[in-house]
Amino acid sequence: MSIFDILFYLFAAAIVLSAAFVSLSRNIVHAAFSLLFTFLGIAGVYVLLSADFIAVSQILIYVGGILVLIVFGVMLTNRVTNIDIRAAIRSRIPAFIICAGLLALLIAFITQAHWIRYDEEPWKKTPWGKNAVEQVTKPLQGSVREVIDQQGSQGTAAEIGKLLMSDYMLPFELLSIVLLVALIGAAMIARQEAVQKKRPLSPSLPTEVSQ
Amino acid sequence: MAPLSHYLAVSAILFVIGTAGVLFRRNAIIVFMCVELMLNAVNLTLIAFSQFLGDQTGQILVFFVMTVAAAEAAVGLAIVIALFRNRQTVDIAKVNILKW
Numbered sequence: 001m002s003i004f005d006i007l008f009y010l011f012a013a014a015i016v017l018s019a020a021f022v023s024l025s026r027n028i029v030h031a032a033f034s035l036l037f038t039f040l041g042i043a044g045v046y047v048l049l050s051a052d053f054i055a056v057s058q059i060l061i062y063v064g065g066i067l068v069l070i071v072f073g074v075m076l077t078n079r080v081t082n083i084d085i086r087a088a089i090r091s092r093i094p095a096f097i098i099c100a101g102l103l104a105l106l107i108a109f110i111t112q113a114h115w116i117r118y119d120e121e122p123w124k125k126t127p128w129g130k131n132a133v134e135q136v137t138k139p140l141q142g143s144v145r146e147v148i149d150q151q152g153s154q155g156t157a158a159e160i161g162k163l164l165m166s167d168y169m170l171p172f173e174l175l176s177i178v179l180l181v182a183l184i185g186a187a188m189i190a191r192q193e194a195v196q197k198k199r200p201l202s203p204s205l206p207t208e209v210s211q
Numbered sequence: 001m002a003p004l005s006h007y008l009a010v011s012a013i014l015f016v017i018g019t020a021g022v023l024f025r026r027n028a029i030i031v032f033m034c035v036e037l038m039l040n041a042v043n044l045t046l047i048a049f050s051q052f053l054g055d056q057t058g059q060i061l062v063f064f065v066m067t068v069a070a071a072e073a074a075v076g077l078a079i080v081i082a083l084f085r086n087r088q089t090v091d092i093a094k095v096n097i098l099k100w
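So the sequences go chain by chain: A and B.
Be aware that the first sequence starts at 1, since it is given in my numbering, and climbs by one per residue.
Be aware that the second sequence starts at 1, since it is given in my numbering, and climbs by one per residue.
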């Protein structure tokens with residue numbers, strides 16, 4: 001078992017435990033902070049999967065952006081004197097059945113399906129697989145990790161940048177519009193009612209003005 | 001390197017934990033965090049497949065999912081805050097004005 005495997009299982013344990021804490025904790029502030037460890041653990045697994053750019057994006061977007069937003073949400077909706085901070089539990093049995101069924105289904109799929117690798121036959125024959133196998137195994141045979149160990153990684157940022165600016169140009173640009181619309185919409189929804197109904201001028205005029 | 005199925009198993013467990021949170025909890029912000037957990041589980045699956053198939057497209061998809069998640073976080077929290085301002089609660093069982 002290599003150091004990467006040990007790290008992976010450590011990260012996996014951290015992810016599962018902290019996620020369970022998020023899902024089950026009675027204290028919403030503790031849940032928010034536990035979410036931090038889930039996100040960091042996932043970023044660690046991304047690094048182990050040699051997805052460096054995505055790992056950094058994970059830390060920047062999730063930890064730096066979404067988690068801060070969530071903590072803001074917690075602080076804004078949770079008065080210190082508010083006892084209703086605790087989340088109650090409703091209709092446990094159907095929810096439990098759904099969760100158990102989903103877990104059983106997913107685990108059954110994962111254990112029984114034959115997952116092909118980049119160097120196996122059916123995937124190799126597809127046009128994407130051909131590219132992938134050329135990309136990965138042109139210089140050396142072996143897993144991506146072994147290739148990286150032997151010749152060093154160039155990182156994935158350059159590759160992702162090329163893909164974003166060529167094959168995925170339109171989704172990329174559309175995404176910027178989605179973000180813009182979402183941010184304007186969020187600001188519209190969350191702001192105070194600044195546009196209250198315009199009161200008729202005369203009754204609300206201050207007295208000294210009307211004199 | 002750990003086999004693909006281990007990565008997928010972690011991702012599946014994470015997804016089910018998120019589902020459990022969405023189904024069991026009534027606090028809108030907790031539900032919100034659990035939706036983020038589910039999105040992260042999907043991202044983990046995509047990255048694992050991307051690595052094991054040697055194709056970078058999965059990472060592009062993760063990038064897109066992250067961006068949409070950021071937009072969703074902004075809009076969702078804005079809705080939660082507007083809800084709290086109007087109803088003084090984040091209990092999703094008490095938010096029933098759209099129910100018939």
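The set of hints was computed from the structure by calculation and includes no laboratory data.
Just so you know, even glycine gets a beta-carbon here, dropped at the ideal spot from N, CA and C.
There may be inaccurate statements among the hints.
[Stated by the list, open to error] Computed from the model, here is a short list of chain B residues facing chain A with C-beta under 7 Å:
id	residue
1	Ile-13
2	Ile-30
3	Val-35
4	Met-38
5	Leu-77
6	Phe-84
7	Ile-97
Status of the hints after comparison with the structure:
The beta carbon of B:Ile-13 comes within 5 Å of a beta carbon in chain A, closer than 7 Å, and the hint placing it at the interface holds. About 5 Å separates the beta-carbon of B:Ile-30 from the nearest beta-carbon of chain A, less than 7 Å, and the hint is met. With a least beta-carbon distance of about 11 Å to chain A, the hint placing B:Val-35 at the interface is violated under the 7 Å criterion. This hint is violated: B:Met-38 has a C-beta 10 Å from the nearest C-beta of chain A, more than the 7 Å allowed.
A least Cβ separation of about 4 Å between B:Leu-77 and chain A falls short of the 7 Å threshold, and the interface hint therefore holds. Residue-level restraint check for B:Phe-84 holds (minimum Cβ-Cβ distance to chain A is 4 Å; threshold 7 Å). Annotation: interface hint on B:Ile-97 violated; nearest CB of chain A at approximately 16 Å, more than 7 Å.
In summary, the numbered hints that this structure violates are 3, 4, 7.
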